[in-house]
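Both chains come to you apart, so use the hints to assemble them.
Just so you know, the sequences run in chain order Z and L.
So the first sequence is numbered by our numbering: it starts at -8 and just counts up by one.
So the second sequence is numbered by our numbering: it starts at 75 and just counts up by one.
Just so you know, these hints were derived from the structure itself, not from any lab.
Even glycine gets a Cβ: it sits at the ideal position worked out from N, Cα and C.
Keep in mind that a hint or two might mislead.
[As the list claims (entries may be wrong)] Residues from chain L that keep clear of chain Z, each with C-beta distances beyond 12 Å, as calculated:
hint, residue
1, G90
2, T172
3, G181
4, N200
5, R217
6, G276
[Claimed, not checked] Not the full set, but computed from the structure, chain L residues with beta-carbon under 10 Å of chain Z:
hint, residue
7, L226
8, G228
9, K262
10, L325
11, L326
12, Y332
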Amino acid sequence: MYEIRNLRLSFPDMAHKPLFGAPPQIEILKGLSFDIPKGVVLGIVGGSGSGKSTLGRAMLRLLEPSSGTIRFDGTDITHLSEPELRPLRRRFQMIFQDPMSSLNPRRQVHGLIAGPLRLHGMEDVTGRVSRALDMVGLPQNFATRYPHELSGGQRQRVGIARALALEPDFILADEIVSGLDVSSQAQVLNLLSQLVDELRMTLAFISHDLSVIRRLCTRVLVLHHGKIVEQAETAALFDAPAADYTRELLAAIPLPDPYQEWA
Amino acid sequence: MSGFLDIKGLTLRLRGGPTILRSVSLRVASGKVHGLVGESGAGKSTIGKAVLGTLPRAIEITGGEIWLDGVNLLALPPRERRRRIGATAALIPQDPLTALNPSKRIGPQITRRLIDILGWSKADANRRARDILDEVHIPDVARVMRSYPHELSGGMRQRVLIASAFAAEPKLIVADEPTTALDVTVQKQILRLINEMRARHGTALLFVTHDLGVVSKVCNSLSVLYAGKVVEEAQMHRFFTQPIHPYSRALLAATPTYLDPDGSLQPVPAEVIQEVETEVHQHAQRAGYDV
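Chain L on its own, in the form it takes in the complex (with noise of 0.2 Å):
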């Protein structure tokens, strides 16, 4: 089957600088989760925001494909392509308090791209705006509409926005860190809804989390990334069980688990890091971009 979301060769650099991404393929089909994970400054967020079409200006594309429900974003004209990511994409950030305009009540704040950007009517957009609060579980929605962003919990903030990213019925979100800013309590509670919306509303979902927990629980398949490089792809049941790259092996062994009290924390092997540097180097001279 192929994916709804069908990335190849992605490759990106800063402008006049060094390769941010190299050549990163993957797929997340209909309905399912696809994890990117990796430390920081790996290049998992910068793939979301490559998808979504708000890289920064000081990031050139410079070779690849994005395949978005079978077109090829980076082959349209800007305008259209904005207007196609509009249409059938959608974000879930990673802090709810500063995606969200602090000084507007929260339902003008859906409606509007739904209005501004998709051309509904008022009415049809304010109906939308409180069945789809409705259904991740907000009480009250009626209050919450006229509220401000200062007025609700972060769980109540974050819950606002997966009802804003499903709004429009997009094909395929985007979720950056969505729980990182969150209680582990609250972090569950966010996850399953997370899980349901996208079961219910058949989204493809990109997973970018740093958390290998959080993996496991919300993911089919993932990207383990480092410098910019995938270094393993796996289905999620095998990358648990029989991780094949050393870096892989290495993340694992690095995540504390209450389980386990008195085995060995290990930190990523300068070994491991020496050779996925090798790795991403001979790498860059086959392709013949600077490093």
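Isolated chain Z (complex conformation) (with noise of 0.2 Å):
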């Protein structure tokens, strides 16, 4: 599905701008190779300014690469004009961390998931949003609420209804749960793999948690300032952690369990 090599990605660092000339470059993405392969769910792991968030809008071409290059389904993508891009844009889809902020309040819940396929031209857009709410648990009288009217669970249900509702190829879900209590948390992630065993989905997804992480994801890449390392089966890399910094990762996440070594 996804071809990455050698990729790189850098920004203006406007606080070290001199007055006069421009910027200095600060290197976010220093050279990344990984595959994802068709329906493989890899968690993508780091800490923050680790790159992560940076790295799946460079995926999705929400951000240009400075260097290397990004093959989805074979076409390089790295640095398509947006026109050329657009038709690819169905192909891949992003459920966004904070569904208050994402979902526009003004719009109701059929409203913000038909948008979508209106804008992509696709047809039956009224069975569409059907069979999105069906997919996501979320019952059909819900197409008439706004985003206020509902829990943060479901909001995020929202989210995940719009994106699949465009029959994506590829899924990138940028730290969705984070922001849930820990009910609607197991209720997203108890969806998510549903789905994706239904589906066959081919998905990224971005968390800072680990015990997130090994619910549902089938490979694991854990970035560090922008560079990838370490990559390996799930059950591997918590068994058997290859890098410092994983190991530190994993010592460091606080267990619910008073007896657990953590000094």
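Take a look at the structure:
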């Protein structure tokens, strides 16, 4: 699905911009290479500032890489222009972290899910919206509700339904459960793993929480300061973490267990 | 042993609206950490605000007592109450970026409270600020005192706020989700630091968090809240080995851990929510306030 080679991405560092002249460049992604085969659920984990969200945005070409290549389903999308990207955009979708700010508060659920469908000229919009609601386990009468009338977990289901309705080949989920209470988090995680099984989705799941990653992902990629420090099958990574940073991350997680050695 | 902080039957409501805390009672002894856990909207931060006297105007206290260091705060006139709270309690807030004034240097932000509210001399306050920053393991204290908040990392900013909270030797600290905005590796350092400071200064700590993992590492006891009511109060080890209330058990079952990849992750079941709701309702009827 995705082949990524030596991906680099820099931003201008405005904090160190001289009064005149160009600001220095700060490199966020420092040469990343990895594949996401079809049907894989890839967990991308790292601390804040590790570049995990930037990587996600580059994969969906919301950002343009400075160098390297991103191939999506055989097509080199690294430097495609916006008009060239548009027909591809339906095929890779994103679920956002905060559904309260990513869902337009003035639109009803139906309109929120139908909007992207109309934009991509898809047929049978109403049927697709209703099937998407079914898939995420929301009752049909939610179609006429506004985001503020939903709980956090329900709102995040709308975010998922909106991505699913387009029948994409790939979905990027960026920290989609970190703002939720444990109970809603459990619901959304269970829903996602069920959808992954049923639809054989290819998914990249960005999270800072290794406990969540372990529940859902088949492979894990650990980022630290813009570099991949480890990539492995999930079970292997948790059984025998190879990189020091991965071990440090695992050791820092407070388990809900007063007897855990945590000094 | 009587608690250093002793809350008895605290009941709050939105003015002209619903009740948001229902007869909450809890105790925190000196040198001990009591956790307040629950999902969002359960009222855990509101308890902290009630203790520190920082409730929004829209909320009124309709019943109960808050005893801090042997004095019932709610029986004091407002001025006296503020003075007592200022002299004995402090807050470690959640978000170190919004809690610090972005346009002021770190040093004056720590000393201001000491000088303006507690009446210290400027020289004493400065000396104290340097000592306490040193105590929270901040390297190059002189430079940090002159820095602006944006020049420090998230972990450093949280250290500054911990230093600031401990600066006036308060007897009670309310920590409101102090590590929620931080990475796990930084969280670990900060929790360790909070524990170390609490032990050294013998401070009582009221620790608000939604993370049961964090609770199990720092607290001696905890209260589980649902819809403004304490559904279970327990010593920490007992809570994790034998949780009594169905809602507590449900919360534990909904918390993922990386050790248990295949065990089923259970959202809080509808029956449990129903049961707690009924309990809250019956309690409301007995106590005679609107739900």
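Here's how the hints hold up against the structure:
Listed as a non-interface residue, G90 of chain L keeps its Cβ farther than 12 Å from every Cβ of chain Z; the least gap is roughly 22 Å. The beta carbon of T172 of chain L sits about 16 Å from the closest Cβ of chain Z, which is more than 12 Å, so the claim that it is off the interface holds. Distance check for G181 of chain L against chain Z: the nearest CB is about 22 Å away, which clears 12 Å, and the non-interface claim stands. For N200 of chain L, the requirement that its beta carbon stay farther than 12 Å from each beta carbon of chain Z is met, with the minimum near 29 Å.
Even its closest Cβ contact with chain Z, about 17 Å, leaves R217 of chain L beyond 12 Å, as expected for a residue assigned away from the interface. Chain Z leaves G276 of chain L outside its interface by the beta-carbon criterion, the shortest separation being 21 Å against a cut-off of 12 Å. Interface restraint check: L226 of chain L against chain Z, minimum CB-CB distance 13 Å, threshold 10 Å, status violated. With its C-beta approaching chain Z no nearer than about 7 Å, G228 of chain L sits inside the 10 Å limit, and its interface hint holds.
A least Cβ separation of about 4 Å between K262 of chain L and chain Z falls short of the 10 Å threshold, and the interface hint therefore holds. The interface hint given for L325 of chain L is met, as the beta carbon of that residue sits about 6 Å from the closest beta carbon of chain Z, less than 10 Å. Taking 10 Å as the C-beta contact cut-off toward chain Z, the hint placing L326 of chain L at the interface holds, the least distance being around 6 Å. Satisfaction of the interface hint for Y332 of chain L is found here, the shortest Cβ-Cβ separation to chain Z being roughly 4 Å, below the 10 Å cut-off.
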